[in-house]
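Keeping their order, the protein sequence lines are chains V and P. All residue numbers for the first sequence refer to the working numbering, where the first residue is 1 and numbers rise by one. All residue numbers for the second sequence refer to the working numbering, where the first residue is 114 and numbers rise by one.
Only true hints are included.
List time: in silico BS3-like cross-link candidates among lysine-lysine, alpha-carbon distance up to 27 Å:
no., chain 1, residue 1, chain 2, residue 2
1, V, 58, V, 37
2, V, 22, V, 58
3, V, 37, P, 170
4, V, 42, P, 184
5, V, 58, V, 71
6, V, 57, V, 71
7, V, 42, P, 170
8, P, 127, V, 42
9, P, 122, V, 37
10, V, 42, P, 122
These are calculated hints, taken from the structure and not from any lab test.
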Amino acid sequence: GENVEQHPSTLSVQEGDSAVIKCTYSDSASNYFPWYKQELGKGPQLIIDIRSNVGEKKDQRIAVTLNKTAKHFSLHITETQPEDSAVYFCAASPQTGANNLFFGTGTRLTVIP
Amino acid sequence: NAGVTQTPKFQVLKTGQSMTLQCAQDMNHNSMYWYRQDPGMGLRLIYYSASEGTTDKGEVPNGYNVSRLNKREFSLRLESAAPSQTSVYFCASSELAEQYFGPGTRLTVT
Numbered sequence: 001g002e003n004v005e006q007h008p009s010t011l012s013v014q015e016g017d018s019a020v021i022k023c024t025y026s027d028s029a030s031n032y033f034p035w036y037k038q039e040l041g042k043g044p045q046l047i048i049d050i051r052s053n054v055g056e057k058k059d060q061r062i063a064v065t066l067n068k069t070a071k072h073f074s075l076h077i078t079e080t081q082p083e084d085s086a087v088y089f090c091a092a093s094p095q096t097g098a099n100n101l102f103f104g105t106g107t108r109l110t111v112i113p
Numbered sequence: 114n115a116g117v118t119q120t121p122k123f124q125v126l127k128t129g130q131s132m133t134l135q136c137a138q139d140m141n142h143n144s145m146y147w148y149r150q151d152p153g154m155g156l157r158l159i160y161y162s163a164s165e166g167t168t169d170k171g172e173v174p175n176g177y178n179v180s181r182l183n184k185r186e187f188s189l190r191l192e193s194a195a196p197s198q199t200s201v202y203f204c205a206s207s208e209l210a211e212q213y214f215g216p217g218t219r220l221t222v223t
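In isolation and in its complexed conformation, chain P is listed as follows (with noise of 0.2 Å):
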């Protein structure tokens, strides 16, 4: 039981640049989220997802998109990176209302 994982672990990408971040729960659970956490801000909801085929936008979506590929997968898009979506990228889910967190993303666009 693995809980909530996320690859990769570490990205570094020149502005302009797209990618994907990838995140699955193997506890079945309905909610997963995608925050980011910068310095002396704490952690702030980009999307969330409350259950497979359904998403949403939380506080800071613009420059993201989202994809709820099935119950157990839900990825984050960059598709073109700026030097201000420098952050820790954290996936989490839950059934209810504890939220169970990935180990994170890091990542840097210069």
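Okay, chain V solo, but in the shape it has when bound (with noise of 0.2 Å):
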């Protein structure tokens, strides 16, 4: 099955400062990379994502990028914000059966004020 790895386990930057965090997946048939967001205590919420057939994808201060030859895709924060702060999980699915995603180990994103 897919292998999703993901750097840094954990990211302090200060605030304004821009955040990346990066993920490789092993499955040459994944298609479809979204990103969440993870606040304490809640459930996962998607912030953006990026088909295929896309080299990268804008959402105001955020942004991802793929590279499919490489087998990685990026998370961009510009201008990071206290509210940033949370945990990020990247994943990948090959959108077969019930499209099923295979998620990476998450990053913990702390903005100092």
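With the hints as a guide, dock the two chains, each given alone in a separate frame, to form the complex.
So, in structure tokens, the structure goes:
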């Protein structure tokens, strides 16, 4: 099955700086890559996703890039704010059957005011 | 529109006890999922249901059973709880690729 690795496991940045989280995947058949944000005591919330026919996608301060050849994708958060502090998960899906997701192990982002 | 709801929020069981975690969604999604989340391991798929009437094993199905009661509801049962099943359990639903998660059930088995 798919194996997703995520780095770093923890990340601290000053408010206003950028944060980058990186993931690699193993299954070349994967073609859907979502990112989730999880706040303390809550379920994961989808913040952005990208499909394999696109190299980059932006939504305000958040962007995701995908390199299919190297099998890696990254989340970029610019102008970080304290409310961006959370755990972020990447995931990959081969979109067969029920669109099962395979998750990375998470990155705890702390934005220091 | 509540999205995905889960009950209970918290539960403590003794080893060997059984219980059922309930999940319901009001988004008319076809697919539903159960995940467990353990520290440092991300979310791992236990079982999923691609559509009403079907269920399939995920990555870590041992010790669990599921029932897709109807299109809205998908329950997870632990027949004989073990300490290794101490975890946070999340239910999710989807129509296409995007999955929407419930708030989770924190289960402790002593």
